[in-house]
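Turn these sequences into a full structure, and let the hints steer you where they fit.
Heads up: the protein sequence lines correspond to chains A, B and C, in order. Converting from the first sequence to this note's numbering requires adding 4 to each position, the first position being numbered 1. Converting from the second sequence to this note's numbering requires adding 79 to each position, the first position being numbered 1. Converting from the third sequence to this note's numbering requires adding 88 to each position, the first position being numbered 1.
Since the hints were made in silico from the structure, they are not lab data. Honestly, I wouldn't trust all of these hints.
Said to hold, decoys possible - Pairs of lysine-lysine, DSS-like flavour, derived with a Cα cap of 27 Å: (1) K903(A) to K109(B); (2) K157(B) to K697(A); (3) K142(C) to K303(A); (4) K167(B) to K157(B); (5) K121(B) to K901(A); (6) K697(A) to K163(B); (7) K149(C) to K210(A); (8) K167(B) to K109(B); (9) K157(B) to K109(B); (10) K223(C) to K303(A); (11) K913(A) to K121(B); (12) K168(B) to K769(A); (13) K142(C) to K769(A).
Next come the chains, spelled out residue by residue.
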Amino acid sequence: MAQSKRVEHVSTSTENTGANRIAGKGRLSPAKTVSFTFDGKTLTALEGDTLASALLAHGIHLVGRSFKYHRPRGILAAGPEEPNALIDISRDSARRQPNVRATVQTVYDGMIAKSQNRFPSLSFDVGVANDYLGRFIPAGFYYKTFMWPRKAWDKLYEPVIRSAAGLGIAPKEADPDHYASRFAHCDVLVVGSGAAGLTAASIAAKSGKNVIFVDENASFGGSLLSDSTSRIDGQSGQDWAKNKVTELAAMDNVTLLSRTTAFGYQSHNMVNLVEQITDHLAQPGSNLPRERMWQVRAKKVILATGAIERHLVFADNDRPGIMLASAAQTYLNQYGVTPGRSIGVYTACDSAWHAAFDLKKAGVSIVALIDCRETVNQDLINQANELGIKTMVNHAVTSTSGRLRINSMTVQPVNGENKTVIAVDCLLMSGGWTPSVHLFSQSRGRVKFDAERGIFLPDVYMEECTSVGSCNGTYDLSDAIAEAATATETALGDIGAKARKAKLPKVEDSPSMHGFLIGAAKGAGPDDFVKAFIDFQNDVTAKDIRLAVREGFQSIEHVKRYTTTGMATDQGKMSNMHGLAIAAETLDKPIPEVGLTTFRAPYTPVTFGAFVGHAKGDLFDVTRTTPMHEWAVDQGAVFEDVGNWKRAWYFPQAGEDMHAAVARECKQTREAAGIFDASTLGKIEVVGPDAVKFMNLMYTNPWDKLAVGRCRYGIMCREDGFIYDDGVVGRLSEERFHVTTTTGGAPRVLNMMEDYLQTEFPEWKVWLTSTSEQWAVIGVQGPKAREIIEPLVEGIDLSSEGLPHMSVREGKICGVPTRLFRMSFTGETGFEINVHGDYGRSVWEAVWKRGAPLGMVPYGTEAMHVMRAEKGYIIVGQDTDGTVTPHDAAVDWAIGKKKTDFVGIRGLKRKDLVAEGRRQLVGLKTRQPDYVIEEGAQIVEDPNHPVPVPMIGFVTSSYWSESLGHSIAMGVIDNGHKRMGETVYVPMKDEVIAAEICSPVFYDPEGGRVNA
Amino acid sequence: MLLIHCPYCEEERPELEFAGAGEAHIERPKNMADISDEDFEKFFFIRENQKGLVYERWRHIHGCGRFFNAVRHSVSDKFIKTYKAGEKKPKLTKAEIEAVLPPAKNTPANEPVYTDGAKQKG
Amino acid sequence: MPNPARIHPLADRLSAGNGVILSPVESRERISLRADPTTAKALGTAIGLNLPTKPTGVTTKGNKSAFWIGPDEWLLIGPDNGSMAKALEKVGRQVYSATDISHRNTAITVSGAKAVEALNSGCPRDLSLDAFPVKSCSRTVLGKAEIILWRTGNQEFHVECWRSFSDYVWKFLVDATRSA
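Structure below.
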């Protein structure tokens, strides 16, 4: 056939979509164009182009610089396996994403694309010096070189290495996009939409079962979209695929997701998908999430993930203009673009021959077709001859030249030295195919090595999945369709669906994928100093692998980490097999004995946004507020986070800092009254005939004699005898207790109670219900507390006789039901008014209206902390840390000495827990009365002791006490209870503070005020 | 994410509804106050924590609220069964155990095996 | 003294659009009922409902419903007049626990063509009609909150949660609606 088939340049209206467009090829409409910029230059593309196809159409191969050597790099692939063409893509300054593979990014109008890892420009990059020094940057170079001097690492080596290496630069602005998440369930999930996937999805869909069908590309069809020869039932592959997809799209039981990558296979058949929704749109609606994370639980998963073509490992195989043969075929058949005008082909696999034929038929010059195999199928040779393609079987490409793009290749016989230099502007290569077993491997399935074909294949399945088509090594189109049909029918049978035996379509003229080469090709070793790349993204060459093995690394996992092969963002999709084969060869072991590295999710990089999903801003975490929250907001309260709760911390008035506000709140509460929101305290209703028995088990205290209407401070331990929680418990009736817990402890206390009840004492008739949020709790404390609430309360005698300290009554306040507790966490006369949540705000305001004229102030958690510390009341978790017993905390009076069982009874008898000299909670009074020690400060006996100074304890609570006019503190000190009056020292940053050990009850030790 | 069969809800539910609760079949001694140091150590501190078949407790905390027990293989993550709290440790059949084993003993699941096509043919 | 105002935790909220309508459920009487299953019948009779005995079960009579939450736990929801609590007080010698949680819980009605999608943005359960038919109910999770989900129609759900979680649950559903 004549060489000079007419080559047409597409000219659509006035715009130039690239000199390398081939008329009549591809599936994009020449009528629809979009414009974008690449490194500042405006270019026109066809709608549907990927960035890679658009750049190639304009003859641009050089798109980046490599990671380590800063070598010029071009577009290597046409799909998600692309290691080189990582581009910074942005819409605006906030919507910018580095390291986007040009081969999967659809071009949209106005897109801004920039190359990365180059300075000052792509064609002139100073970092390229590393390339010339490459001899001196072998595997492990950094480990070996920058060892000395140690100090230079932080100051010099690391900053320089970091700025020279690396890929793109992360954006600094907040991401303005939103992301969605979705849990989904289906009967059959089909991953991959080539012929095998389409067959599987179609059969599964027709059974009536729910099917989710995903493909990472913009269009369904997989390799059929790039295949120009196959006929399926008389139709072209593209038409057959299109018809199948149309059929599926019309079915209610099928969810079709394109641009959706199945990136993770989790336990029990859950597969993670990420769906790209707006990254290809010029003007996405503001309601569209950028991406959606799917978590799909499938009864059966059908993996039809295809295979990825490998490159060949030879000297200088990384110049721009060198690409995978299948990629060129895709650019031609899908996008109507040729990657060059004088193309060389170098292969070990039949499939590249078909790529050459397609290009030649499209009018592109194939200068030479080199195949390193000894013999090649005669049909292919005949076809090449017919097309006028020069073939060189049993030859190899041993080097290339060209600075920013390949301009020639050197060809030698495989078994000879005779060199021929051939001018080319593009070189296509194929080392055969690697089945994509990533998801299968993530599902913990075991692969086996097929030595005849040089591929790892699924062998033992651990999840409910099956592999079909080329990911299962079934390369022949007809076989793949048959395999997919059978496997799907079996899978459907397993889940109880009836599948009619599908009639298999007739397949003709499908291309062969026979032949492969893994490891180094001629001219790349074993003892060469050439750069024959196996991992393009991490700049790992064949000799790096050999060096690693020579230096003693035997396991492929170690070779991987030492050389970094396969550790880049592409996870070695093209390189792993080559690295493994070279390591095996150097070790002189068969490949499976060296082992395959483990595949891990994600299959391709996933944005943080997709993982975060809805959990950002207000939804980052639950923010819990009380019914009175807005009142405190209106009063200008400053809040602190306590667990998920927002609690009013202090209520500053004009001109007050925290110290002044807290001092005022404490003083006013002690002199008049204070109102405090205690709603966040955990509350548990313990109800049933065995309620007392249960309370006796869970708390150290005895409960039998607690009269109805009375309260008791309870201590809860774990079995080890250490304090777990505390709180005031009121007895409402013989069989009903109102238990309170710490704010943060509520869920775990209830969980522990349920655990004992359900698993150790299931026969007990008692039930637990959380009522934390049923009740809003309004604390009113201070000498005027009674006077303030008395007029609002009905049916309860508030006198000290009628309602003594530590008692509870049910009645009404402001006309609504209340559980009114007489109790105090301040040391003053105190009430805790429990009212139903919806009435919390209104009752609070009624109390406020009464109290404010009498001098009542609202106080926050800080003043609450100060006042309780003045009384020596502990806070579990602040004054205790999980190693403090009731005795250590001086609350052992709360242990029922006659009890025969409670949680912690045995733990408390342990030798170490009853030993003398344990660290015990005491009060601390600083010698300088106005000095407030830092909480957490260490305590020593002798500040002049030579370093290291033995620590005898630490400060747990420390405040300024306005009421007492001096600072107060609590701490745990070795043998503290027996050291009253002794002086200890607290070394602070600038001075050493002396403090006297004292009782932790600083205020009203006689307790007259609480009972007033 | 695991799918866990709740013996009270009588169906499989997503792991997000559950909380793990440690090793199963550790009974609190009836005479708790009087046990020896050794028995307390065994009861409170010592756990099997083995690789392989584990008897463990779960709580369907965001479901029916019940504690229950399960037998799971800690490498393959597959459950043999779940059963109600208080029920005896179930007797396992060989078939049940084999069904949850990872592909080969003592090897990571995805470590390859070798089948030389040429050799097999020869 | 006039009774104090009752303030609903989700007062004045409404969200509609994109195939999902969210609206707060008005105040209701709610009781957490705990008892041995053998007592269920007597307790049910007292309030005029058969307590469901199977997981995910719901029984409804008029404006009262009983939900199976666990093997010894039911949620009762009825009109906001305390009538169920009063009825239970009259049961007599049965052993059980009834605790008022009318103010602990609140609820949101989620309805519309995309209701399932909105809920599945944060709820890991299979909400297909086969797996979770109308008149089923279950405690589960939505995002980081615990909820009780009750399917009241093919495209209508009652989502029950604790009051301090209701702001989160509401905002989550609004965000989910936006991208449903």
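Hints, one by one, checked against the model:
no.	hint	verdict
1	K903(A) to K109(B)	holds (14 Å)
2	K157(B) to K697(A)	violated (40 Å)
3	K142(C) to K303(A)	holds (25 Å)
4	K167(B) to K157(B)	holds (20 Å)
5	K121(B) to K901(A)	holds (26 Å)
6	K697(A) to K163(B)	holds (24 Å)
7	K149(C) to K210(A)	violated (42 Å)
8	K167(B) to K109(B)	holds (18 Å)
9	K157(B) to K109(B)	violated (34 Å)
10	K223(C) to K303(A)	holds (25 Å)
11	K913(A) to K121(B)	holds (16 Å)
12	K168(B) to K769(A)	holds (25 Å)
13	K142(C) to K769(A)	holds (22 Å)
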